[in-house]
Amino acid sequence: MLLRHTPSEIKERKALNVNPAKTCQPIGAMYAALGIHGCLPHSHGSQGCCAYHRSTLTRHYKEPVLAGTSSFTEGASVFGGQANLVQAIDNMFTVYNPEVIAVHTTCLSETIGDDIPQIARKAEADGKIPKGRFVIHASTPSYVGSHVTGFSSMTKSMVDYFARFSGKRTDTINIIPGYVEPSDMEEIKRLAAEMGVKNIMFPDTSNVMNSPQTGRFEMYPRGGVTVEALARTGDSSGTLALGKLASSAAARALDIKCKVPCEILDLPIGLNNTDLFIDALRKMAGVSVPESVNVDRGRLLDIITDMHQYFYGKKVGLVGDPDHLVALTEFLVSIDMWPVHIVTGTPGKAFEKRIREITREVPHEVNVGAPGDMFLFHQWVKNEPVDLLMGNTYLKYIARDEDIPLVRFGFPILDRVGHSYFPTVGYRGGMRLLEKILDALLDRKDRDDPEEGFELVM
Amino acid sequence: MSHDAHSIFEERKDQVLRKGEKPYRMTCDKDSLAGAVSQRACVFCGSRVVLYPIADAVHLVHGPIGCAAYTWDIRGALSSGPELHRLSFSTDLQEKDVIFGGEEKLTKALVELIDRHDPKAAFVYSTCIVGIIGDDLEAVCRKVAREKNIPVIPVQSEGFKGNKRAGYHAACKAMFQLVGTGDIQGLSPLSINILGDFNLAGEIWIIREYFQRMGIRVIANITGDGRVDDLRRAHGAALNVVQCAGSTMDLAQMMEEKFGIPSLRVSYFGVEDMAESLYSVARFFENHDPQIMERTRQLVRDELSILYPRLQEYRKALTGKKAAIYVGGAFKAFSLVKAFRLLGMSVVLVGSQTGTEQDYRELHEITDDGTIIVDDSNPLELSSFLKEKDVDIFVGGVKERPIAYKLGVGFCDHNHERKEPLEGFIGMLNFAREVHTSVMSPVWRFVPRRTRALGAAGLMG
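Chains as they are written, first to last, in my numbering: chain S, 1 to 458; chain Y, 1001 to 1461.
One chain only, chain S, in its complex shape (with noise of 0.2 angstroms):
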């Protein structure tokens, strides 16, 4: 019983969090910034942030994943990190060769106050910065949001620091993908690509963090979006925004700064959320959908039909990201499964409303959290148990002690592999949940199913 120190009565808590449903911003900067070709993440303050961030990263996705850091020390901490700052920008270029690095900030330089952009300025005055190459930054205080939040801002920085209007518009379709594996990035780019639909994704982890052996060690791998394509961002015809808290600043900034306009959904998981993603590109786009769209819609569809029986009914409890909860969630109910406890360690009011929403029709109470933590999710689940866990790895200590099936969705999940490969967004993607789903479920029935209720065919 790894929490058997967890006792089932909730009483309020209000200055301490108990395993936390969420990590701080740095992180999600650093990930998206690996989104970018050639791009060499940065983080300004001390050594153990960086190191932290690298170590969770590659556990997540068991990939090198390189980063500088400032490596703050009590002077920097005093007189400020611009010293640091500019002879890590200099040190970086001469010896790492990146094409950008992309600076996120921590709490500690963010307190003393550092003002990155004037210290960008700096270096570059100092002719650290070799021409066609570029220093980029997003604030990423650890106090507030989550890396999500931090993922947010980096990508926005994108936005901020390379889109540029030419006069002339393209028909190219932007999209922000949103928190989600290099695995989902690919299949969202493939749906796009098979509609026809000329398109720019940033970031796009996919063959960076999921890039493959080939015997050598890469320091940037061959993914990433290029610079000049998200200078043309601010050409395209339309922005595609999918997960409110991840993408919409972004999208919005081009919206203002290109004139580009932006439609924000949510991620594309499960039947509905993918239709309003294929109809709102094609619509975009101005494309039709073909057939091969159809045929992947319908082997979702039929798996649903096929096995309907065994989800309904079925309390699931959540942990995760406000984005992913959200079309997860809504993917869940529309199957018939009942979301009973929800949480995010995100704070956010929008989100708990909209959960609300969702699961207006589920026949049962719904638990919503945010911000949350696991201790509270486990309290609940002790109180109200359920059928099914989904969420990250650490939601494994629960499902441990309670006995209850677990399906990895979300970051990070640190003992398993395939997230990177395989999606969980678009038609494809919810079939691969809906796998993962029943595999979990009728496993735990094949194992406690009395004799007489064992079946072969299910």
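Rather than coming from a laboratory, the hints here were simulated on the basis of the structure.
A hint or two may mislead.
[Unchecked claim] Computed footprint of chain S on chain Y; a stretch qualifies when at least three of its residues, placed anywhere within it, have a C-beta under 8 angstroms from a C-beta of chain S:
id, stretch
1, 1158-1170
2, 1418-1427
[Claimed, not checked] For lysine to aspartate or glutamate, the following EDC-like pairs were computed, each having C-alpha atoms within a straight-line distance of at most 20 angstroms:
id, chain 1, residue 1, chain 2, residue 2
3, Y, LYS1108, Y, GLU1147
4, Y, LYS1389, S, GLU74
5, Y, LYS1387, Y, ASP1368
6, S, LYS396, Y, GLU1112
7, Y, LYS1030, S, GLU74
8, S, LYS189, S, GLU263
9, S, LYS14, Y, ASP1368
10, S, LYS11, Y, ASP1115
11, S, LYS14, Y, ASP1118
12, S, LYS315, S, GLU218
13, Y, LYS1387, S, GLU228
14, Y, LYS1013, S, ASP90
15, S, LYS396, Y, ASP1073
16, S, LYS14, Y, GLU1112
17, S, LYS11, Y, GLU1104
18, S, LYS349, Y, GLU1095
19, S, LYS14, Y, ASP1029
20, Y, LYS1419, S, ASP415
21, S, LYS62, Y, ASP1413
22, S, LYS62, Y, GLU1112
The C-beta atom is built at its ideal place from N, Cα and C for all residues, glycine as well.
Mind docking chain Y on chain S? Use the hints.
Below, chain Y alone, put in the same frame as chain S:
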């Protein structure tokens, strides 16, 4: 050193040494170069990994959520009893706390935690931001300690105040507040404290059992499977047996100064070091117990008689293979060099994040000519060394693993993610098996680098 031209910063050249090329001269123990992709961590990280295995204390991280999130159950340190240490407690500081101060929030969090979990003590970790906004951690801890009548101990672990080693020191200072506050009546004169073992995969249980067989009583585990009350009476032990010198040596020194307890440096990795560790402890107690050395010899004989025949099989397969080592503290590297030698393997690269001058001098002495010795390295350097030396296995931690795998090189995690005990005689066998499994794995045949090499060899032949 022309082979290093592209991958080593000018400023780092004297932190890399190739044995035999030049006389020994090496720079270390300096701050990392800004911008280098260093594998190092911070002060907080050092304090957290040392203290957190104390299982009946609450460990509250005072700071924004990240510091607590990334260190939640980070090391897999096992406990035979309470497991409070496996929960993550944070004050989750928000913007308004940073502006108005977090003392009130900290007080509330502590009170709530102590009321709910009834711990034997509380450790409160300071993070970067707390150092900047100036919360008076000590005052809050004193107040709550008085109110709740348990030790509430501030850990001054602001991340920017140095590297991991400074964090070890802060942790030792925190623990030292407990030492000497417990009752030591009736403790055996043949008693020790085990310092610098964190009970990963149950390792401290193996070591304790050895000491038990020698007739020695262990007072405090510091800190694997650790307990507050044991720490409080740790000053009743006759000897401190210190592993991982970097992390807990400071505590041993403080205990020596205040309580006159001598200490011994040991390592439980590899056959030679493990046996020598037990012998050195036996020698220390020989005056009290003349039979102890014979019992220890018997123990080592018994263990080796099981171990050696099985090791020989691995040795046969592994002889001539090449290993690279990059670890946090250098002490582990010494044992690993010897352990690889026992397996017939040569170590061609060895480095650490936080080694000292003395450490590197010692490494220089025990390694073969041509071995690369490196301080505070980074992935680019490491990968270029691995390729140059064409190694068969890389021993490191989480950030090194994917570098090895991308290059198509075997790997052994000798850090937080080890799954089997690597300490003790049985640990040497586990280590040999792990090394063997990875080095001899057929999967490396598929790696393009090897396929190309095979192709080239074929063409040349």
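### Query
Which of the numbered hints above does this structure break?
Checked against the structure, the hints that fail are numbers 2, 4, 6, 9, 12, 13, 19 and 22, while the rest are satisfied.
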